[in-house]
Amino acid sequence: MHSVTKLESRLAAEAGRSPWQDAWRRLRRNRLAVFGGVMLLALVLLCFLGPLFSQSYRETDLGNAFAPPGAAHWFGTDNLGRDLFGRVLFGGRISFMVGFVASFVALSIGVTYGAVSGWCGGRTDALMMRAVEIIYALPFTIFVILLMVFLKDPMQRFDAWFTGFRSFASWQGAGKILLMFAAIGAVEWLTMARIVRGQVMAIKKMEYIEAARALGYGPARILFRHVLPNTLGPVIVYATLTIPAVMMLEAFLSFLGLGVDAPMSSWGTLIQDGADKVEEYWWLLVFPGGIFSLTLFSLNFLGDGLRDALDVRGAKD
Amino acid sequence: MFRFVASRLLQAVPVMFIIITLAFFLLRFMPGGPFTAEKNLPPEVQRNLAAYYHLNDPLWKQYADYLWDVCPKRLMPQRLFADTNHDGRADFDLKAAFGIDLRPSYRSSRTVNEIIADELPVSLQLGALALLLALLLGLSAGAVAALWHNRWPDRLVSSFALTGICVPTFVLGPLLALVFAVHLRWFNVSGWQEPRDAVLPALVLGFAYAAPIARLARGGLIEVLGQDFIRTARAKGASEGRVVLRHALRGGLLPVVTWLGPATAGILTGSFVIEKIFQIPGLGREFVASVGNRDYVLVLGTVIVYAGFIIVCNLLADIAQAWMNPKLTLE
Numbered sequence: 001m002h003s004v005t006k007l008e009s010r011l012a013a014e015a016g017r018s019p020w021q022d023a024w025r026r027l028r029r030n031r032l033a034v035f036g037g038v039m040l041l042a043l044v045l046l047c048f049l050g051p052l053f054s055q056s057y058r059e060t061d062l063g064n065a066f067a068p069p070g071a072a073h074w075f076g077t078d079n080l081g082r083d084l085f086g087r088v089l090f091g092g093r094i095s096f097m098v099g100f101v102a103s104f105v106a107l108s109i110g111v112t113y114g115a116v117s118g119w120c121g122g123r124t125d126a127l128m129m130r131a132v133e134i135i136y137a138l139p140f141t142i143f144v145i146l147l148m149v150f151l152k153d154p155m156q157r158f159d160a161w162f163t164g165f166r167s168f169a170s171w172q173g174a175g176k177i178l179l180m181f182a183a184i185g186a187v188e189w190l191t192m193a194r195i196v197r198g199q200v201m202a203i204k205k206m207e208y209i210e211a212a213r214a215l216g217y218g219p220a221r222i223l224f225r226h227v228l229p230n231t232l233g234p235v236i237v238y239a240t241l242t243i244p245a246v247m248m249l250e251a252f253l254s255f256l257g258l259g260v261d262a263p264m265s266s267w268g269t270l271i272q273d274g275a276d277k278v279e280e281y282w283w284l285l286v287f288p289g290g291i292f293s294l295t296l297f298s299l300n301f302l303g304d305g306l307r308d309a310l311d312v313r314g315a316k317d
Numbered sequence: 318m319f320r321f322v323a324s325r326l327l328q329a330v331p332v333m334f335i336i337i338t339l340a341f342f343l344l345r346f347m348p349g350g351p352f353t354a355e356k357n358l359p360p361e362v363q364r365n366l367a368a369y370y371h372l373n374d375p376l377w378k379q380y381a382d383y384l385w386d387v388c389p390k391r392l393m394p395q396r397l398f399a400d401t402n403h404d405g406r407a408d409f410d411l412k413a414a415f416g417i418d419l420r421p422s423y424r425s426s427r428t429v430n431e432i433i434a435d436e437l438p439v440s441l442q443l444g445a446l447a448l449l450l451a452l453l454l455g456l457s458a459g460a461v462a463a464l465w466h467n468r469w470p471d472r473l474v475s476s477f478a479l480t481g482i483c484v485p486t487f488v489l490g491p492l493l494a495l496v497f498a499v500h501l502r503w504f505n506v507s508g509w510q511e512p513r514d515a516v517l518p519a520l521v522l523g524f525a526y527a528a529p530i531a532r533l534a535r536g537g538l539i540e541v542l543g544q545d546f547i548r549t550a551r552a553k554g555a556s557e558g559r560v561v562l563r564h565a566l567r568g569g570l571l572p573v574v575t576w577l578g579p580a581t582a583g584i585l586t587g588s589f590v591i592e593k594i595f596q597i598p599g600l601g602r603e604f605v606a607s608v609g610n611r612d613y614v615l616v617l618g619t620v621i622v623y624a625g626f627i628i629v630c631n632l633l634a635d636i637a638q639a640w641m642n643p644k645l646t647l648e
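Heads up: the protein sequence lines correspond to chains A and B, in order.
Per our numbering, the very first residue in the first sequence carries number 1; after that it's consecutive.
Per our numbering, the very first residue in the second sequence carries number 318; after that it's consecutive.
Bear in mind the hints are in silico, worked out from the structure with no lab data behind them.
A portion of the hints provided could be inaccurate.
[What the hints assert, rightly or not] One-sided excerpt, in silico: chain A residues whose CB lies under 8 Å from chain B:
{"hint": "1", "residue": "Ala115"}
{"hint": "2", "residue": "Val116"}
{"hint": "3", "residue": "Ala137"}
{"hint": "4", "residue": "Pro139"}
{"hint": "5", "residue": "Ile145"}
{"hint": "6", "residue": "Leu146"}
{"hint": "7", "residue": "Lys152"}
{"hint": "8", "residue": "Phe224"}
{"hint": "9", "residue": "Leu256"}
{"hint": "10", "residue": "Gly289"}
{"hint": "11", "residue": "Leu296"}
{"hint": "12", "residue": "Phe297"}
{"hint": "13", "residue": "Asn300"}
Every residue gets a Cβ at the ideal spot worked out from N, C-alpha and C, and that includes glycine.
Extracted from the complex, chain A is given alone in its bound form:
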């Protein structure tokens, strides 16, 4: 009797360990990934809550321009005497927002496109993948730059309309940020579509899909309830690695002067400003650049850790 309960409890324990729990355990054992995750969480919290407590990012103090880092201004001040710490935190908000939302946009397009292509197969699949190949062959950076300029005017009109509402008056420049989501999202979905397509093609031949079909479920239900959830692993991993790529693209565009405008700031615009003045005022480049790199490090550590934790093939080494 005693041994039977013991066996039962052991079986229960084993049955209760889903692949996700396995992955979570592997992830927790990876010190770099944990460090990346904690660091990322800290940075996000600091950027989104910090500006509530720190000095304003837009308050100018011309008598105190270019103050080096010190007790009053931890990161020093810029050419208008604005507190750099506050500006870095606020810029982080924009950069994180662009990173998360644009990745989400890219993710949604990519997963939908890939799922439809892989699920339909045959001619539709061939056609859709041919289209992806053609888009792959376009010079990307160039089209993002063209798109940014192309959409500038409608976005500015949108911005004026949007900030016309009193409660959104402080959101000046929001249109420009929406524009970046659109431009970056339009570029970054291709690889995701390919990954999801491959997964869907493999899963749709499996027996449990056959079983679902035999039970009389419709194609939409099978696709969304049975196929897509099983592509989640690679999707999560790739999404974590898309976010730093997107943030890099945002900073790149802002560095070329195509990003958000003052008094708003993103890490890209801060770095660009710092790079211009680095010969005399090193802190203007070092702090925004350092925090930006730290964020990218954290995201990459986390992404690599997730890949090792979720990817069964790579789990052995």
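Assemble chain B onto chain A, guided by the hints.
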């Protein structure tokens, strides 16, 4: 092989057509025009300018005329050089070689053909140097990491590679310029006059490209080194150097080659950011400026050059892949 190259080049025609069409109409529906920045242009001057550049024609006619002008009229160049250009030098000219006329620029006295002949070589020199550096650094680092997998050289290389990926060129570039040009005075802060001006830009660009190369080479080599034929080679008494160079390298570098196709095009034709930081008169900087100026034909000309490079580099990468991987056949 010949059929493969021919079919890929044929496929490039519709791709090129789509690229030009997209870029043409994106540009035309952009706010602002090439002459809106110049205030106080008398109306008759504006009329003359518009007439000279055919801006009054219906849009479809402008588009069709442009397509015809940039369409290569000869595939086998009879001569490569223009007679003389604005400096009195005879440069490579797309028009003399292939009959591709990229039109006179709206904002410069030069034609777009001349601008590309002037500035593409600068970008190519910088890109070739950076690519060489990236390959040397990336491949050797990747090989070292793979051979000492999970030991300290591997960790060192991996963290260096991650640094290269996470510290963007627009942070690293100004910082290196600050240390080596402003403080140590070894180099000029910016410019493209003497040979040593190439050192810092090539270093920054090369380091940025070395990082992904090292990662890909490491991953590919680790996978290949674990395979049976490597064990066979070792069992037959082949030295470690021979195992790596003769047996593992060919398969292990496949991921690098795949990645190198599009990356080479990017690195050779100019890095927007590097050229901006170090004020290098290359094609990348010209492109960003021309978009701002709405110099339609210059933007289109640069886009065509980039797209051509991407197509050619992808083709070369595919051929190299097929040569390195016997399982793959060129279809």
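Cross-check of the supplied hints:
no.: 1; hint: Ala115; result: 25 Å, violated
no.: 2; hint: Val116; result: 22 Å, violated
no.: 3; hint: Ala137; result: 5 Å, holds
no.: 4; hint: Pro139; result: 4 Å, holds
no.: 5; hint: Ile145; result: 6 Å, holds
no.: 6; hint: Leu146; result: 5 Å, holds
no.: 7; hint: Lys152; result: 6 Å, holds
no.: 8; hint: Phe224; result: 33 Å, violated
no.: 9; hint: Leu256; result: 6 Å, holds
no.: 10; hint: Gly289; result: 4 Å, holds
no.: 11; hint: Leu296; result: 4 Å, holds
no.: 12; hint: Phe297; result: 5 Å, holds
no.: 13; hint: Asn300; result: 6 Å, holds
The earlier numbered hints that this structure contradicts are 1, 2 and 8.
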